[in-house]
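**Q** Sequence:
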Amino acid sequence: MTPGEVQAFGTRTFDAPLAATFEATVGALQVLGYEIAVANPDKGAVKTQRKLLRSTGQGVSVGYTTSINVVHVSRQYFLNLTAVGDARTQVVAEPKIFVGDDDISGGEIWALEGPQGERALWEKLFAEIQSNL
Numbered sequence: 000m001t002p003g004e005v006q007a008f009g010t011r012t013f014d015a016p017l018a019a020t021f022e023a024t025v026g027a028l029q030v031l032g033y034e035i036a037v038a039n040p041d042k043g044a045v046k047t048q049r050k051l052l053r054s055t056g057q058g059v060s061v062g063y064t065t066s067i068n069v070v071h072v073s074r075q076y077f078l079n080l081t082a083v084g085d086a087r088t089q090v091v092a093e094p095k096i097f098v099g100d101d102d103i104s105g106g107e108i109w110a111l112e113g114p115q116g117e118r119a120l121w122e123k124l125f126a127e128i129q130s131n132l
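Mapping of the sequence shown onto numbering that gives the first Met the number 0: position 86 corresponds to residue 85, and the numbering continues sequentially without gaps.
Errors might be hidden in some of the hints.
What the hints assert, rightly or not - Under the rule of at most 25 Å between Cα atoms (straight-line distance), these lysine-lysine pairs were calculated in the DSS-like manner: (1) Lys95 to Lys123; (2) Lys95 to Lys50; (3) Lys46 to Lys123; (4) Lys50 to Lys123; (5) Lys42 to Lys95; (6) Lys46 to Lys95.
The set of hints was computed from the structure by calculation and includes no laboratory data.
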């Protein structure tokens with residue numbers, strides 16, 4: 000995912016002050032199933048815990064011994080909120096994808112279109128923030 004895509008689709012300005020938008024953002028993430036790892040209103044920063052998307056297993060058998068390797072795929076958000084004047088707030092939501100502990104966000108893994116595409120997920124997040132204001 001490019002910074003341009005995050006700027007174009009993962010950024011939204013709300014007609015509400017920073018404090019109210021910050022609380023609405025934290026609440027929206029929780030409604031969407033994310034636990035909050037960091038919520039710093041002074042810095043306008045919110046970071047979620049990793050949310051499990053799926054687990055895959057691969058088994059290997061040698062003789063009478065079977066070994067299964069399970070890999071977890073998870074998603075995490077980093078959000079930055081900035082006051083725009085006295086009564087507006089810009090929210091930038093940057094998603095990250097992990098396979099195990101490896102951040103693969105820089106790869107070509109993003110589906111931007113479709114009902115589970117990144118643009119739809121951003122719209123869902125922003126709609127939830129708006130409903131909390």
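**Q** Does Lys95 sit within 25 Å of Lys42, going by the straight-line distance between their CA atoms?
**A** 20 Å, holds
**Q** Is Lys50 within 25 Å of Lys123, Cα to Cα?
**A** Roughly 16 Å separates the two Cα atoms, so the pair holds.
**Q** Holds or violated: are the alpha carbons of Lys95 and Lys123 at most 25 Å from each other?
**A** Given that 25 Å is the threshold and the Cα spacing comes to 17 Å, the pair holds.
**Q** Are the Cα positions of Lys95 and Lys50 separated by 25 Å at most?
**A** 10 Å, holds
**Q** Measure nothing beyond the straight line between the CA atoms of Lys46 and Lys123; if it is 25 Å or shorter, mark the hint as holding.
**A** 18 Å, holds
**Q** Hinted pair, alpha-carbon criterion (25 Å max): Lys46, Lys95. Please report holds or violated.
**A** 11 Å, holds
Of the numbered hints stated above, none is contradicted by the structure.
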